[in-house]
Amino acid sequence: MLLESTEKNMSNETLLTGKKAENGIKESLFLFTLYICVTIAILTLMTLIYDVLSTGTTRLTSDYEVGLITKIQIDNPVDFLTTLDSRYPDRAGIGPAFAGTVWLMIIVVSVTFPFGTGAAIYLQEFAPKNRLTRFIELNLTNLAGVPSVIYGLLGLAVFVRLAGFGRSVLSGGLTLTLLILPVVIVASREALKAVPDTIRQGALALGATKFQAVFRQVVPSAIPGMVTGMVLGLSRAIGETAPLIFMGALTYVNYFPDTPLSGFTAIPIQVYNWIGYPQAEWKETASAGIILLLGLLLIMNSLAIFIRNRYEKDL
Amino acid sequence: MDTKETIQVSSENVFNVKDLSVSYGDFVAIKNVNMDITKNKITAFIGPSGCGKSTLIRTFNRMNDLILGAKVNGTITYQGVDLYDKMVDPVQVRRRIGMVFQKPNPFPKTIKENITFGLKVNNMTDNIDDRVEKALTQAALWDEVKDNLDKNALELSGGQQQRLCIARTIAVEPDTILMDEPCSALDPVATKRIEDLMQELVKDFSILIVTHNMQQASRSSDYCAFFTTKTSDDGKRRTGELVEFNETSIMFTTPEQELTEQYISGRFG
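Here the protein sequences line up with chains A and B, keeping their order.
Residues in the first sequence are numbered consecutively from 795, following my numbering.
Residues in the second sequence are numbered consecutively from 155, following my numbering.
It is worth saying that the hints were derived from the structure and are not from the lab.
Be careful, since some hints might not be right.
Label-pair ranges, simulated between beta-carbon atoms [as the list claims (entries may be wrong)]:
(1) A/Gly939 with B/Gly234: 54 to 60 Å
(2) B/Ser311 with A/Gly912: 34 to 40 Å
(3) A/Asn924 with B/Gln411: 42 to 48 Å
(4) B/Lys384 with A/Leu1097: 58 to 64 Å
(5) B/Asp329 with A/Leu1092: 36 to 42 Å
(6) A/Asn924 with B/Tyr178: 38 to 44 Å
(7) B/Asp341 with A/Thr827: 48 to 54 Å
(8) B/Lys274 with A/Ile1099: 30 to 36 Å
Derived lysine-lysine pairs resembling DSBU-like cross-links, with alpha carbons at most 30 Å apart [stated by the list, open to error]:
(9) B/Lys346 with A/Lys1004
(10) A/Lys923 with B/Lys305
(11) B/Lys263 with A/Lys987
(12) B/Lys263 with B/Lys193
(13) B/Lys193 with A/Lys987
(14) A/Lys987 with B/Lys274
C-beta atoms are modelled at their ideal positions from N, C-alpha and C, and glycine is treated no differently.
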């Protein structure tokens, strides 16, 4: 009972054309455009990395030829990491800045993880669904988009001045905490939302209190997502320069920070500083600093992916 | 297999339901429910989709409390105590009245941890290994998993997962087990195993089961409650109502209500 036109279309002639499924011109053009986009994005990234590597590795390898006068020079990564800054580009090390960044990371993780995950657990599991909660959620999303410079001003007012911590690594760490807290809270909430409700119901049906159900079943399931969110937030924090400059990180630091209240600098600030000097050799030193920063970011992102994969395999 | 035979000849009631209705906001899901549930028997709730059977069974262990806007009117007494009395702790209720869900929902942990979770939250940690073994044996799962207690529960088959859920429910020693369509996500072989298991479990527990499967109700249960929906006057809302409640053997041979007879002979549903 097929229509005549359908019969014609469904005859064996139209089946056995000998051609493979082919794209029309429009589809080919579209695919080509997509390829161009991908190529541009990757090429840009590759160019940046190549440029940085070619300039900076001289400072990190022993191929560097020593000048006639200077006998001390930095020519390997360990020296680079442990030496202080200097007037001379070939003697300048990133030691204090690296130490500063490590201090900052420790402070950021110690404060952000408990507060960020705690806030997320409260908002997702315990808070009543009323206007106040919705208002808070709306504000969190907005805060994640506020320019980082504003956080620098906030840090200056609250931590440096009001709390009296001064221009210390503690103030810097707390400022960065505020910066990434909205992001960590949102990521943790997503991790909690991803835990199926059937788990909560199953736990409650066994006579568990809400507290027991949340902390013994839901949160452990959400931990991988929360840790991933924390690591990604951290990788954003270590690259931030503007808020630290605003709250008063120093730019020429010739000592390693020894207490949370000591002055400090961080890798991005140090690099920013070196680039500003007129001598050409500083470019190599600065590039070495950038390689270090990229290396740190690579390690952290790999860690996040590793954690996520390992826990996804367990399920 | 634990062969503690407790044949209750007395028709003691474990639940008494009077004029019960449940509403979500202003939508009445089920109303006018009156019945007495007999101890150590299997009582089945049957009826077409949407007649509030799942809603009703969830009132027996106060799981409806978790849904925003859910309200229970009327009384439901458990061994003489009004379950919805202000002095009653829902957490204690759920320990005494366990629940097995439609889709098996084991925790994403090891088999052993699935059982020990319930034991730990209820402070039943003495002889914990023996308790785990007893629960798994009663749920007809011990032989299959005894060498793999540290295996992740999600690696078990659907039928095994559901038996694990039953095991963890009975590990905390309730006296009633509520089952909300426990076999609807399982294949016929796994379904049969659970039905056989129910016949063993009823010696120690009272069982209420919601089922879509009429044959399952007629062959497995002792008592049956048949529900249907009534459309509201404006045609927009459907509310569930109890049509008939009787011993299964009577209901399936000489039902009292015409509607029951129609449902059982497959004329609607």
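Against the structure, the hints come out as follows:
{"no.": "1", "hint": "A/Gly939 with B/Gly234: 54 to 60 Å", "result": "59 Å, holds"}
{"no.": "2", "hint": "B/Ser311 with A/Gly912: 34 to 40 Å", "result": "38 Å, holds"}
{"no.": "3", "hint": "A/Asn924 with B/Gln411: 42 to 48 Å", "result": "45 Å, holds"}
{"no.": "4", "hint": "B/Lys384 with A/Leu1097: 58 to 64 Å", "result": "60 Å, holds"}
{"no.": "5", "hint": "B/Asp329 with A/Leu1092: 36 to 42 Å", "result": "59 Å, violated"}
{"no.": "6", "hint": "A/Asn924 with B/Tyr178: 38 to 44 Å", "result": "18 Å, violated"}
{"no.": "7", "hint": "B/Asp341 with A/Thr827: 48 to 54 Å", "result": "49 Å, holds"}
{"no.": "8", "hint": "B/Lys274 with A/Ile1099: 30 to 36 Å", "result": "34 Å, holds"}
{"no.": "9", "hint": "B/Lys346 with A/Lys1004", "result": "35 Å, violated"}
{"no.": "10", "hint": "A/Lys923 with B/Lys305", "result": "38 Å, violated"}
{"no.": "11", "hint": "B/Lys263 with A/Lys987", "result": "18 Å, holds"}
{"no.": "12", "hint": "B/Lys263 with B/Lys193", "result": "34 Å, violated"}
{"no.": "13", "hint": "B/Lys193 with A/Lys987", "result": "39 Å, violated"}
{"no.": "14", "hint": "A/Lys987 with B/Lys274", "result": "25 Å, holds"}
When each numbered hint is compared with the structure, violations occur for hints 5, 6, 9, 10, 12, 13.
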